[in-house]
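K.L.:
Listed here are the chains, written in short residue letters.
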Amino acid sequence: MFDSTIRQLGQALRRREFSVSELTQTLLQRIEAFNPILNAFISPTPEVARQQAVAAEARLAAGTAEPLTGIPLAHKDLFCTAGVRTSCGSRMLANFIAPYESAVSERCQAAGMVMLGKTNMDEFAMGSSNENSFFGAVRNPWDRDCVPGGSSGGSAAAVAARLVPAATGTDTGGSIRQPAAFTGITGLKPTYGRVSRWGMVAFASSLDQGGVMARTAEDCALVLQAIAGFDPRDSTSADHAVPDYSATLDQDLSGLTLGVPQEYFSTGLDSAVEQCIQEAIAQYRKLGAQVREIRLPSSALAIPAYYVIAPAEASSNLARYDGVRYGYRCQDPEDLLDLYTRSRGEGFGAEVKRRIMVGTYALSAGYFDAYYRKAQQIRRLIREDFQNAFSEVDLIVGPTTPTTAFALGAQVDDPVTMYLNDIYTVAVNLAGLPALSHPVGLVENRPVGLQLIANYFNEALLLNSAHRYQQVSDWHQHLPPGCAD
Amino acid sequence: MQWETVIGLEIHAQLATRSKIFSGSATAYGAPPNTQASAIDLGLPGVLPVLNAEAVRMAVCLGLAIEAEIARHCVFARKNYFYPDLPKGYQISQYEQPIVSNGRIDIECAAGQRKTIGITRAHLEEDAGKSLHEDFQGLTGIDLNRAGTPLLEIVSEPDLRSAHEAVAYMKQLHQLVRYLGISDGNMQEGSFRCDANVSVRPVGQTAFGTRTEIKNLNSFRFVEQAIEFEVERQIHVLENGGSIVQETRLFDPERGETRSMRGKEEAHDYRYFPDPDLLPVVLDDAFIAAVREQLPELPDVRRQRLINTHGLSPADAAQLAGQRAWADYYETVVDGLEVSAAKLVANWMLGELAALLNRQGLTISASPISPQQLAGLLRRVHDGTLSGHLAKEVLTELSHSAADVDDIIAQRGLQQISDTTAIEAALDVILADHPEQVAQYRAGKTKLKGFFVGQAMKVFKGKANPQVINALLDRKLTGKD
Numbered sequence: 000m001f002d003s004t005i006r007q008l009g010q011a012l013r014r015r016e017f018s019v020s021e022l023t024q025t026l027l028q029r030i031e032a033f034n035p036i037l038n039a040f041i042s043p044t045p046e047v048a049r050q051q052a053v054a055a056e057a058r059l060a061a062g063t064a065e066p067l068t069g070i071p072l073a074h075k076d077l078f079c080t081a082g083v084r085t086s087c088g089s090r091m092l093a094n095f096i097a098p099y100e101s102a103v104s105e106r107c108q109a110a111g112m113v114m115l116g117k118t119n120m121d122e123f124a125m126g127s128s129n130e131n132s133f134f135g136a137v138r139n140p141w142d143r144d145c146v147p148g149g150s151s152g153g154s155a156a157a158v159a160a161r162l163v164p165a166a167t168g169t170d171t172g173g174s175i176r177q178p179a180a181f182t183g184i185t186g187l188k189p190t191y192g193r194v195s196r197w198g199m200v201a202f203a204s205s206l207d208q209g210g211v212m213a214r215t216a217e218d219c220a221l222v223l224q225a226i227a228g229f230d231p232r233d234s235t236s237a238d239h240a241v242p243d244y245s246a247t248l249d250q251d252l253s254g255l256t257l258g259v260p261q262e263y264f265s266t267g268l269d270s271a272v273e274q275c276i277q278e279a280i281a282q283y284r285k286l287g288a289q290v291r292e293i294r295l296p297s298s299a300l301a302i303p304a305y306y307v308i309a310p311a312e313a314s315s316n317l318a319r320y321d322g323v324r325y326g327y328r329c330q331d332p333e334d335l336l337d338l339y340t341r342s343r344g345e346g347f348g349a350e351v352k353r354r355i356m357v358g359t360y361a362l363s364a365g366y367f368d369a370y371y372r373k374a375q376q377i378r379r380l381i382r383e384d385f386q387n388a389f390s391e392v393d394l395i396v397g398p399t400t401p402t403t404a405f406a407l408g409a410q411v412d413d414p415v416t417m418y419l420n421d422i423y424t425v426a427v428n429l430a431g432l433p434a435l436s437h438p439v440g441l442v443e444n445r446p447v448g449l450q451l452i453a454n455y456f457n458e459a460l461l462l463n464s465a466h467r468y469q470q471v472s473d474w475h476q477h478l479p480p481g482c483a484d
Numbered sequence: 000m001q002w003e004t005v006i007g008l009e010i011h012a013q014l015a016t017r018s019k020i021f022s023g024s025a026t027a028y029g030a031p032p033n034t035q036a037s038a039i040d041l042g043l044p045g046v047l048p049v050l051n052a053e054a055v056r057m058a059v060c061l062g063l064a065i066e067a068e069i070a071r072h073c074v075f076a077r078k079n080y081f082y083p084d085l086p087k088g089y090q091i092s093q094y095e096q097p098i099v100s101n102g103r104i105d106i107e108c109a110a111g112q113r114k115t116i117g118i119t120r121a122h123l124e125e126d127a128g129k130s131l132h133e134d135f136q137g138l139t140g141i142d143l144n145r146a147g148t149p150l151l152e153i154v155s156e157p158d159l160r161s162a163h164e165a166v167a168y169m170k171q172l173h174q175l176v177r178y179l180g181i182s183d184g185n186m187q188e189g190s191f192r193c194d195a196n197v198s199v200r201p202v203g204q205t206a207f208g209t210r211t212e213i214k215n216l217n218s219f220r221f222v223e224q225a226i227e228f229e230v231e232r233q234i235h236v237l238e239n240g241g242s243i244v245q246e247t248r249l250f251d252p253e254r255g256e257t258r259s260m261r262g263k264e265e266a267h268d269y270r271y272f273p274d275p276d277l278l279p280v281v282l283d284d285a286f287i288a289a290v291r292e293q294l295p296e297l298p299d300v301r302r303q304r305l306i307n308t309h310g311l312s313p314a315d316a317a318q319l320a321g322q323r324a325w326a327d328y329y330e331t332v333v334d335g336l337e338v339s340a341a342k343l344v345a346n347w348m349l350g351e352l353a354a355l356l357n358r359q360g361l362t363i364s365a366s367p368i369s370p371q372q373l374a375g376l377l378r379r380v381h382d383g384t385l386s387g388h389l390a391k392e393v394l395t396e397l398s399h400s401a402a403d404v405d406d407i408i409a410q411r412g413l414q415q416i417s418d419t420t421a422i423e424a425a426l427d428v429i430l431a432d433h434p435e436q437v438a439q440y441r442a443g444k445t446k447l448k449g450f451f452v453g454q455a456m457k458v459f460k461g462k463a464n465p466q467v468i469n470a471l472l473d474r475k476l477t478g479k480d
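So the sequences go chain by chain: A and B. The first sequence: position 418 = 417 (numbering that gives the first Met the number 0), numbered continuously. The second sequence: position 3 = 2 (numbering that gives the first Met the number 0), numbered continuously.
Some clues are possibly wrong.
Computed cross-link-like contacts, DSS-like style, restricted to lysine-lysine with a CA-CA straight-line distance of at most 25 angstroms [claimed, not checked]: (1) K462/B to K448/B; (2) K352/A to K78/B; (3) K460/B to K448/B; (4) K373/A to K78/B; (5) K460/B to K475/B; (6) K457/B to K475/B.
Treat the hints as calculated values from the structure; they're not laboratory data.
Let the sequences and hints guide you as you build the complete structure.
P.N.:
Here you go:
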């Protein structure tokens, strides 16, 4: 039961092979068993799950069920959930219970999905290893001494270990795709504006995008269908028609042109990872796609530009956590300044503080032009690179990450190496494009992810391509060791 | 040495939208603390701002009224600083690309002398909340009702040369925003307040002197007092060999002086950058044309029209055109009458009606007498049916009755008696009864005419037409009869 995809679970529920409550109970038991090892959940929500299961059951019985009714899922702990703590992986919000529901969780709820809990993450989504969580590191189900990637590491580990069939994530610089790659699952970062950011705790507003992590592209299509669409509460949400993502999954790939950027196969890419990527590209060729080499000349500028823009926005977005109205407040503040400095000093972890300082510096008088404005210019160049590429190819393909999952603790003292994990993913956020990572191999029993990048609002093509690949491969079906029962 | 004063004003006008600039909370004044603060106003995690389109329309309204450039593309920026009543740790404002720039407004700087004051820019921003220091025993209370209230910050060029000009400019703008209906201009409630940038320089010098900024002046009188004090202070410092420190100062109305705001002297770095939660505001020509279409006639134009086509005196025209509600009321009344009655309407509105409203503490919009009723009344004064004396009585009655003027006149038999035969007959009796007074009058004591008029009025219970009585008396007493 727990190893089934959403599509399979939906069919089984409709055939009454088991009830929503039975399914929910099975998965809650798995969470109880695995969470002490993996630490994938900050807050399991069994009570909420049981209630929602009963409601979903009623809809199934009444014939008012939607495709996702009764399907369990988990939310990254930065989607605000009314009445359930939203910690954002931080001591700062360890006591925060939102009085409102995020657009993403609201839509999942409306579709009849059953929330099993809130997943672990790097504090305020800042990190690539999930080691920056106030609630402790998450372990990779494939190798428990390795990181699951981040910042949506809890969601990735939970899906990979079959604790939930799907989980939400957010992607600011690779935070859905990189952990998806490290844990052998499929992760979709939609076009900026495709999914509402209402109720999603902000890291870097112009880059943050909610998305979905599941085992297959087919399942991602189902969940994206539920969460995508215009929301007047988010001014950056796109008023753009949402197609039927499942309807085009089986389309033939012949005639499709894949572009392989030279820049994504340069130094730093692990040769065994490259091998898997080349094999996957060969597989796409077999499926009828044409492959050609392309150039994305501004690629090398993406990391520096990202690490100016994202911290700059974060330094402002995180200013609201001041110990005044909610969240962590230091003991016995002496005066206002003491309240601010100690509440923030004690409430935020090291990486968050580092980025607030970097961002504050980048926006400061005298530095703004050299950093923030320059980074915005680079951002335009990167967008143009992609637009040029998409005038020649339909999809861009390459590795999601330069290596497979690394050991816990291996990069904690080296932030720059840590930041380079996102070398292939951040440009996509700077351009606002949709991208998907799906598993294409194992290196020393650690998963490898392939990244597909499409033009704006062409999530359907990403899902269609990945689905066709998954029809002729089984990397997405591999179970991490120790997760079979 | 002769000194010249240079002043620029930054005026904050609260826009009269029903909801806040980035949230759906109400903006009404005076609600219990924090009852008009939503998750957005509180800056809770994950909430997002959505721009109130009405605030944009109002800003464009002002821009058009001051002949400014309206930006086709403008941007909201974050002004970052920490303060307990600033929930997000930043204020959403406009920085590099304001919605309105390069405007102008005319003021009357001395009797009959007009001067054009440049307006550098006007930008939209949100207000902060309020810190309450009283009643909390060593703690500070925070009321976020005001947080997110839409403001239009209107920045003048340093074109003002005296406290008097500064006040004239502020009054002109105050009149304009109320005229446009974009702000209630209520200064006690802080809906219209200003910061004054003041400097002095030797007459003839082109470079500006070092300026100080006096914060948060919320009455015309305070603006005048604060600037006058500050100018004197700066001249005093300079004439004694000192120099002016660029700083922020506060006006203390109790002592009539400005004081340096200590502790805020270090320069703030607000780290402005475009707010990524909001899209740039793009305005097209059609939108701007539609706003222009709905723009009311502006006070100066209206004043001139009332002088030229209604024949009002400049003083009456200025008073009536100065407030839109008064001008609208006036025009509704005149619409129901002949234009030749315009002066009569102006006299009655500025005299009797104003006095009546004043006594009852009411504004013209809450007048118990509708323009239609006043028109009905003045129609009868204008055509001679009603004497001015009795018309005042009818006005009083109208203030607590919805009745028709003609019905009141008929019911109470108030029609003026202009029938010469009846009046002549009465006068003959009066003159015959008072031969002594007639003799005195003819001997030169002409003041006695009033006595005869009074006698006649007594006979007709005040309803006789005084003009007719006067004319007939003149004839009879001068013996030309």
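K.L.:
Of the hints stated earlier, which fail here?
P.N.:
none
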